[in-house]
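K.L.:
Sequence:
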Amino acid sequence: MWISIPKRHIVVWDSIVGHIKDRELAVLVEPFVNMIPYLLAEYTASDEERVKLSLEPYTYERPTVGVPQCRGGDCGVFTLK
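Residue numbers (UniProt numbering): 1 to 81.
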């Protein structure tokens with residue numbers, strides 16, 4: 001999972017595309033897209049800055065190209081730089 005705070009967007013990297021259906025992913029991601037704006041607002045330094053923050057949920061996507069699992073043992077942590 002990659003979270004872009006400036007873009008208010010989450011990218012879910014899934015090496016086994018199709019293992020989890022889109023509906024199931026929506027349920028799993030929902031707590032994150034809703035919770036992150038509130039966490040940022042809670043930990044903002046000043047009330048003036050807090051007022052500027054939106055509490056609208058983040059958006060998300062799951063790319064289907066570029067993160068394939070080629071072999072059965074390929075699942076696990078991938079590092080992107």
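Simulated from the structure, these hints should not be mistaken for laboratory data. All C-beta atoms, glycine included, are put in the ideal place defined by N, C-alpha and C. Careful, some of the hints might be misleading.
[What the hints assert, rightly or not] Label-pair distances were calculated between CB atoms; the ranges are:
#1 ALA45 x SER15: 30 to 40 Å
#2 LEU40 x ILE20: 20 to 30 Å
#3 LEU25 x SER46: 14 to 24 Å
#4 ASP47 x ASP22: 35 to 45 Å
#5 THR64 x TYR43: 28 to 38 Å
#6 LEU28 x VAL65: 13 to 23 Å
K.L.:
Against this structure, judge whether each hint is valid.
P.N.:
These are the hints, each one checked on the structure:
1. Distance hint check for ALA45 and SER15: the Cβ-Cβ separation is about 38 Å, which falls inside the suggested range of 30 to 40 Å.
2. Separated by about 27 Å at the C-beta atoms, LEU40 and ILE20 satisfy the suggested range of 20 to 30 Å.
3. Between LEU25 and SER46 the beta carbons are some 36 Å apart, a value that contradicts the proposed interval 14 to 24 Å.
4. Between ASP47 and ASP22 the beta carbon distance is about 39 Å. The supplied range of 35 to 45 Å therefore holds.
5. Between THR64 and TYR43 the C-beta distance comes to about 34 Å, which sits within the given range of 28 to 38 Å.
6. Between LEU28 and VAL65 the CB atoms are about 21 Å apart, so this pair conforms to the stated range of 13 to 23 Å.
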